[in-house]
Structures are given as structure tokens and as C-alpha cells.
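Undergrad: First to last, the sequence lines map onto chains A and B. Residue 162 in numbering that gives the first Met the number 0 sits at position 163 of the first sequence; the count goes up by one each step and never skips. Residue 63 in numbering that gives the first Met the number 0 sits at position 64 of the second sequence; the count goes up by one each step and never skips.
Derived from the structure by calculation, the hints contain no laboratory data. Please read these numbers as outputs of a predicted model, since none were measured by experiment. Warning: the hint list may mix true and false statements.
To be verified - Negatives, chain A to chain B, calculated, CB over 12 Å:
1) V4
2) N86
3) P123
4) G162
5) I183
6) P261
7) V278
8) G298
Claimed, not checked - Just a few of them, taken from the derived set where beta-carbon distance is under 10 Å, the chain A residues facing chain B:
9) I2
10) R184
11) L188
Where is the CB? At the ideal position from N, CA and C, for every residue including glycine.
For reference, the chains in residue letters:
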Amino acid sequence: MDITVNILLTIATAATPLLIAAIGELVVERSGVLNLGVEGMMIMGAVGGFGAGYLTGSPWIGLLAAIALGAVFSLLFAVMTLSLATNQVATGLSLTLLGLGLSGMMGTSFVGQPGARLPNLDIPGLTAMPVIGRLLFGQDPIFYISIALTAAVMWFLFKTRTGLTLRSIGDSHTSAHALGIKVIRYRYLAVIFGGACAGLAGGHLSLVYTPQWVENMTAGRGWIALALVVFASWRPWRVLAGAYIFGAVWIGQLHAQAFGIPVPSQLLSSLPYLATIVVLVLISRNKRLTMMNTPASLGQPFVPDR
Amino acid sequence: MKKLLIALMAAAAALSLAATAEAQEKLKACWVYTGPIGDFGYSYQHDQGRLDVEKALGDKVETAYLENVSEGPDADRAFERLAREGCKIIFGTSFGFMDPEVKVAKKFPDVMFEHATGYKTAENLGIYNARFYEGRYILGQIAAKQSKSGVAGYIVSFPIPEVVMGINSFMLGAQSIKPDFKAKIVWINSWFDPGKEADAAKALFDQGADIIVQHTDSTAPLQVAEERGLQGFGQSSDMIKFAPKAQLTSIVDDWGPYYIGRVKAALDGTWKPGNVWLGIKDGAVKMAPYTNMPDDVKAMAEATEKKIVEGWNPFTGPIAKQDGTPWLKEGEVADDPTLLGMNFYVKGVDDKLPQ
Numbered sequence: 000m001d002i003t004v005n006i007l008l009t010i011a012t013a014a015t016p017l018l019i020a021a022i023g024e025l026v027v028e029r030s031g032v033l034n035l036g037v038e039g040m041m042i043m044g045a046v047g048g049f050g051a052g053y054l055t056g057s058p059w060i061g062l063l064a065a066i067a068l069g070a071v072f073s074l075l076f077a078v079m080t081l082s083l084a085t086n087q088v089a090t091g092l093s094l095t096l097l098g099l100g101l102s103g104m105m106g107t108s109f110v111g112q113p114g115a116r117l118p119n120l121d122i123p124g125l126t127a128m129p130v131i132g133r134l135l136f137g138q139d140p141i142f143y144i145s146i147a148l149t150a151a152v153m154w155f156l157f158k159t160r161t162g163l164t165l166r167s168i169g170d171s172h173t174s175a176h177a178l179g180i181k182v183i184r185y186r187y188l189a190v191i192f193g194g195a196c197a198g199l200a201g202g203h204l205s206l207v208y209t210p211q212w213v214e215n216m217t218a219g220r221g222w223i224a225l226a227l228v229v230f231a232s233w234r235p236w237r238v239l240a241g242a243y244i245f246g247a248v249w250i251g252q253l254h255a256q257a258f259g260i261p262v263p264s265q266l267l268s269s270l271p272y273l274a275t276i277v278v279l280v281l282i283s284r285n286k287r288l289t290m291m292n293t294p295a296s297l298g299q300p301f302v303p304d305r
Numbered sequence: 000m001k002k003l004l005i006a007l008m009a010a011a012a013a014l015s016l017a018a019t020a021e022a023q024e025k026l027k028a029c030w031v032y033t034g035p036i037g038d039f040g041y042s043y044q045h046d047q048g049r050l051d052v053e054k055a056l057g058d059k060v061e062t063a064y065l066e067n068v069s070e071g072p073d074a075d076r077a078f079e080r081l082a083r084e085g086c087k088i089i090f091g092t093s094f095g096f097m098d099p100e101v102k103v104a105k106k107f108p109d110v111m112f113e114h115a116t117g118y119k120t121a122e123n124l125g126i127y128n129a130r131f132y133e134g135r136y137i138l139g140q141i142a143a144k145q146s147k148s149g150v151a152g153y154i155v156s157f158p159i160p161e162v163v164m165g166i167n168s169f170m171l172g173a174q175s176i177k178p179d180f181k182a183k184i185v186w187i188n189s190w191f192d193p194g195k196e197a198d199a200a201k202a203l204f205d206q207g208a209d210i211i212v213q214h215t216d217s218t219a220p221l222q223v224a225e226e227r228g229l230q231g232f233g234q235s236s237d238m239i240k241f242a243p244k245a246q247l248t249s250i251v252d253d254w255g256p257y258y259i260g261r262v263k264a265a266l267d268g269t270w271k272p273g274n275v276w277l278g279i280k281d282g283a284v285k286m287a288p289y290t291n292m293p294d295d296v297k298a299m300a301e302a303t304e305k306k307i308v309e310g311w312n313p314f315t316g317p318i319a320k321q322d323g324t325p326w327l328k329e330g331e332v333a334d335d336p337t338l339l340g341m342n343f344y345v346k347g348v349d350d351k352l353p354q
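So here's chain A without its partners, still in its complex pose (with noise of 0.2 Å):
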């Protein structure tokens, strides 16, 4: 039993960055902009998150600092694309490039340092309670914040006003500008949204998935959160669904190696991409309702007419 739980501790440990990112990204992108730079502003969040926590010794301002982080360097993005209107995938691939460079230049002093871990929830009476008090009452900060922020954009998305703008916009921002909302506006929030989404990300990797810092670090989760958010038909809990595939059978195929399966290890390796893919791909089989959720004016500039 008590592996069992394990291996789903460490499942949802593997999941959560990709889901948080994937959550940020999925706002924006329902906003139509398509932002490439989430491996940038995620390793941003991982180099501030690890740096802060390091100086002040408090893995809290650390994970402050991650999401701050995150934000204000999304904020470029969104001056570049949305201000000065240039082209969104261009803009977002430097994006992943300057983050890489800034952070490993940021972080030089950082390296070879162990840093502050963010503690796991303990909840007396609760954590001890056999197999579920680990799983429900035992896991780290982000982890909850990771199913709580899910919850709040599928609430906020499908059931608010804001979100049903928001969503407009995405799918048409010439129409929603003739209405009067205010187009640009809406996207910087979301844009900012899923920046300091995938500097928690990034924290939750310098913080509690390998409390230190290295350069890479991200190691290409950014672009996973990225194709999560497509393959998952921009709904929320099919990005849930996703990250947590994903986990499970890179997990489950790390075990399968353990325990000595004669299967290929580059084969198993690439089993969690295509189980994702597949998986994805057949619960959104549906054309109809694949077309409804895909924002039409996804990466296309926006420049109001005044």
C-alpha cells in the first residue's frame, strides 16, 4: 500500500508544474495570443523563486518572488505584441531564449547552493490517517494551489461575464472591439495571468521538485505545458487530464524499468508523450465541439482603430 501512494505522490509532484503552466496558458491563448515563451518565464520563476528564498532564507518569498517574477517578465511579451503589435510566435520564442540566458546569468551565483524547500502540508490528526492522509493532507503548497487555480479558471471562464469576454475576444477581436470591450486590456491581464502561472511553475520546480538551482532546470516543460493546452482542446480539465497522464506513465514507466520489464528504454521514454497525445486526442474527437473551444483569432495581432 504504502507504495502505491508513494508512487502517487510522486506522480502528482511530476504533474503539478506542467499543469500550472498549462492552466496560464490555456487564459491566454483563450484571449487569442499565443505566447511561445512559457519555457522562458518559467525558468525565470525558477532562478527568482530559488534566489529569493535562498537570501532571505524564507521558501515563502521565494515562491512570492516566482510568481512576481513570471509576471513582470510576461509583461515584455505583452508590451511587444500587444502595444507595439509585433508577431506573437517571433516575440514569444525570444522570449524562451532571453529567459534561459537571464536567468542562467541571474543564477551564476546561485549554483551549488542548496536552497530552502517549501514545507508539506501537516495537518495534525489529518496527515497521519493511513493511505489518504498523505494524499489529501500531506503534499506541498502548489500542489493545492495547482487544483484550486484549475477550479477557479473553469469556473471564471464558463460561468462568469469576464471569462465569457474573455472568451469573445479569443474568438473574434475585431467583433468584440466594435462592442466596446476593451480588447488590448483584457489581453494584458491574461497575458500577465499566465505569466506569473508559469513562474509558479517554475518555483514550484526550484522550490519543491529539486530545491536548487541549475541552469535549464525547466528542461523543456514549458513546451509540454504548451502542447498540453492544444492537444487538451483549450479545456481546463482536460489540461488536468493531460499533466496528470503524463505523469503518471513517465512514472509508471521509471518503475517498469526498475522493476527490470525487457522493454527498450528509449521506447518507454517516449511513452508519455504519445499515451498524452492519444489520449487527448480521442476525448477530443469530437469535431464540433473541438472548433467551438479553438479561439478563432489565436496569434493573430490586434491593432484598434481609433
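Here the structure of chain A is known, so what remains is to put chain B in place on it, guided by the hints.
TA: Relative to chain A, chain B alone:
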């Protein structure tokens, strides 16, 4: 106007001449790393070697490096760029740079090339390597002594000879203490991904291993060991700060002396392509202090280290291959080419080698 232009051009030409003259006085030595220098592991240690060169040779040299260069055809451009930028001696520090370096070395016959951990040479391309397997034998012995479950977890990157050799040496060391010692092996197909390394360590611990060994570059597996109150070994650097209670020792790469010697030779004009394989006795492979273990285990590790310094090779027969067929006879020592091309397991390894 025309006069002004000509004057400007002349000035520019003079400046650039002066610049080349200065560059020629200083020897430019360059490095290519596959990881970031901030990995606190393999590439970090090579870069420490570069800094040692700067310290030792001062203003006689100028150094430069490229980090995060992916292995394979892409590396061609990295080496070519450095050669064009005036590097006189170039060190490629990863196995996957072998073919690109051979190719670029042909194009630039005046530039001296050095490649780590490979086996192809040329008239202006020498190779160097460190006998990490010597250290891994000691790790195996310590693991067998320290483990209660009799199972170690072994995290590995890619099935290249260097890694296979390490697994074999570790197992030979462990079997010399406990003949039925087991290692569970997990390939993560990456040299450097802290998250994946941590996940692999957790999976291995969950399946009953109580000692973690890695042939990947980050401190993540040791941190997991520390959290779980289990033990393990560092890699490339001394990682004791990350795992004060968990690290038993670490194989530390010290490239400084070798790099200083080679760059000096390049300065004196005595450089020739070499083929060296440095071990514990040359100081290129160092064992971090033996910690978190009883005195008798420490004494055993030190004795083995001494034996290796005196010339004993862990790959000394009798050794059988994984399927039981004999490989080395009693007292027979494996030769270097066989080790450098190693693509089979020794008896007792519980894994199928990915091909």
C-alpha cells in the same frame, strides 16, 4: 571627404593589425561543453579546469567557451566558429562531439584539437579521458557494505561504453563484498534533467533500493536520498552540501592539471596529439571525503583506493559476461580498447542493455 575616408580606413586597418598582433601573442584556448557550466556536475568541472588554466598561465592565454552545445551534427558549427575566431587549441568535452571534431579538425590543420572520452584521433586531434570506472569500483564496495536491502538503484543516461563500463565496475566492486548484490537500473535518456533524475530516484527507492548511484549530472537524486533518510553517491562534483547526511562519497573530476599541461605544451610549441587515460593516481579522478559510514567501511574504501593507485585494475579476471560466458581469465587484465568500446554487461547485472 575622400581623404577622410581613406584616413579612416587606414586607421581601421592599423587597429585590426594591432589587434591580430596582440591576439597572436596570447594563445587562445577554447572549450565546448554539452551542458550548462552551471550544472554543478560534469560541465561545471570542465569549466573549473578552464579557470585553472587562466589562473596558472595568466596573461599568456585567453580562454573562451561555448556551453549547451548539443551533441551530434549541430556541434560542427560550434567547433568551426571557435576555430574561425582564432582559437588555437580547442577542447571538446563530450563523447558526442567526436565525429564533429574529427570533421572540423580536418578543415583547420593549424588548430590543435582535443576530445574527451572518445576514441577517434587525427594528426591534429588528440584524445583524453579519465578512468572514472576506478572510482565506481570503490562506490560498488561501499554500496554493498552500507546497503541493508542488498539492492542499489542506478540512474543512467545513455548506453555508451563509458556508462556501461561504470555499471560493470560498480557491480564488480559490489560483488567482491556481497556476491548476490543487485542493482536496479533506470535509463532516463538525458544527461541532465533534475526533475527526471529525482523521479527516477524516487521510483528506485520505492522499489526497495536503499542506495542511489547516478551517471547523470545533477544533485537531484542525492537530495531525494537525503529527504528519505537513505544514502547515495555524488557525481562529478563533491555534492556534500546538498546531502550532508546522505552522501557517502563522490567521484570528483579534476581536469585542471591536464588542461594546464596541454595549454602549456601548445604555448611552447611542443603539443602533439596524445591519447591519455588518466586515473586516480594521476589526480584526474578524485574521491570526495568518505562520510556517513562506519570506520571499517572507510578503511576498506581507502585500501581499495590505494590498491588502484598502485596499479591494480578493477577489470582483472576472472570475470564472466552477463550470460555466463567467460571473458577474462584468472589474473588477465582488460585492455584499454576493449574497455573504451565496452558494449556488454558482466555477470550479475540485472538489466538488458539497450542497443
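Undergrad: Taking the least C-beta to C-beta distance, is R184(A) closer than 10 Å to chain B?
TA: 36 Å, violated
Undergrad: Would V4(A) pass as off the interface with chain B, using Cβ distances and a cut of 12 Å?
TA: Non-interface label fails for V4(A): nearest chain B Cβ at 10 Å, not farther than 12 Å.
Undergrad: Taking the least C-beta to C-beta distance, is L188(A) closer than 10 Å to chain B?
TA: Violated, about 30 Å.
Undergrad: Looking at G162(A) again, its CB stays over 12 Å from all of chain B?
TA: Since the minimum Cβ distance to chain B is about 32 Å, G162(A) lies beyond 12 Å and the statement holds.
Undergrad: Taking 12 Å as the cut and beta carbons as the points, is I183(A) off the interface with chain B?
TA: 36 Å, holds
Undergrad: Hey, does P123(A) actually stay past 12 Å from chain B on C-beta?
TA: Correct as stated: the minimum Cβ-Cβ distance to chain B is 21 Å, above 12 Å.
Undergrad: If we take the beta carbon of G298(A), is the closest beta carbon in chain B still more than 12 Å away?
TA: 28 Å, holds
Undergrad: Taking the minimum C-beta separation from N86(A) to chain B, is that value above 12 Å?
TA: It holds; N86(A) is separated from chain B by about 25 Å at its closest Cβ, greater than 12 Å.
Undergrad: May I ask you to test the interface hint for I2(A) with respect to chain B, counting a Cβ-Cβ separation under 10 Å as satisfied?
TA: Where the cut-off is 10 Å and the nearest Cβ of chain B is about 5 Å from I2(A), the hint holds.
Undergrad: Any Cβ of chain B at or closer than 12 Å to P261(A), or is the non-interface label fine?
TA: 5 Å, violated
Undergrad: Find the nearest Cβ of chain B to the Cβ of V278(A) and say whether that gap is larger than 12 Å.
TA: At roughly 20 Å from the nearest Cβ of chain B, V278(A) sits farther out than 12 Å, so the non-interface label holds.
Violation of the numbered hints given earlier is confined to hints 1, 6, 10 and 11; the remaining hints are satisfied by the structure.
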